[in-house]
Amino acid sequence: MTSTSNPNTVQSQFLTHLRGFTVGAIAACCAVTLTNPMEVVKTRLQLQGELEARSATPHAKQYNGAFSAFVKITRNEGLRGIQKGLAPAYLYQILMNGTRLGFYDPVRDLVMSTVDAVAGKGVGTTGVGKGISMVVSGAGCGILGAAIASPLFLVKTRMQSYSPQLAVGSQHSYVLGGLRKSLMHIYKTEGIAGLWRGADASMLRTGVGSAVQLSTYDASKQILAKSGWFPKEGGIGLHFAASAFTSLFVCIAMNPFDVVSTRMYNQHRGADGKGALYSSVGDCITKTLRTEGVSALYKGFTAHYFRIGPHTILTFVFLEQVKKAASILLD
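Counting in this note's numbering, the sequence shown runs from 95 upward without gaps.
Keep in mind the hints are simulated off the structure, nothing from the lab.
None of the values given here were measured: they were computed from a predicted structure.
This list has only true hints and no planted wrong ones.
With a cut-off of at most 35 Å between alpha-carbon atoms, the simulated DSBU-like pairs for lysine-lysine come out as follows: (1) 155 x 381; (2) 155 x 275; (3) 166 x 155; (4) 282 x 381; (5) 418 x 320; (6) 275 x 381; (7) 215 x 417.
Start from the sequences and build out the full structure, keeping to the hints where you can.
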């Protein structure tokens, strides 16, 4: 007997996924508007002193820490400078976080039910099985989102690093033409593969960050909800506390991969068609450790924390409130 899908069920599932995608994208865009300046600061700090040997005579630093960098960039480049890359950042958030946040709930439920079906009822929804299901779901959604949106992150990184006055790392003057012209320039000079240069580093970065962020947030929200410290489970205070708790773990886990991702994206193309500085993620990690030491993988940590912390908090607070509004309007 051949089973057929109920059209109403298929339509309902599609609308659920579409709503999740939209809600996730709106929440992430609201957050990135406020946190993009620290992303600019973080990018430049991660590129400062790139592959400069510790034993060598150090070059004069353009930036001395996150907050002095913020002031210096704002003073020299103005509001447009400290908000560089905002256009691709919005589109990146729509594609990457719309996928990552919007599909997390249904993917998590699917993974849990699959584990239950394979290993026995309750295995995927309780204890260690539940935790593993949340980590796998978070990582999977993050990797998918990063792969789809990688060209936008590429252009965003190059826009944010570009500064004739305060240059660090490789400089790409074509970004002055804006997002569309930048994408076209990369396509014409490097082909379709050029648009996804560094995507593997970004997928690794986002997979690690998503696995920690989404699973830790989910778990901490449940723990805090049961603690009795908050008047009601859906309150903003609960979402704020869970997000604040999550952000530190995300930053610690993700910063090394973030440094690698930034450097892979920002490098020029070599004569052989590969990266001029790094041929792969492994090559980038090896060269960075060899010339700059372990601490290089945590360059820009303060700026990253003050970017990812508020961004995590704002994203999840906006996410929960937009979900509520969508339920009121659409249900």
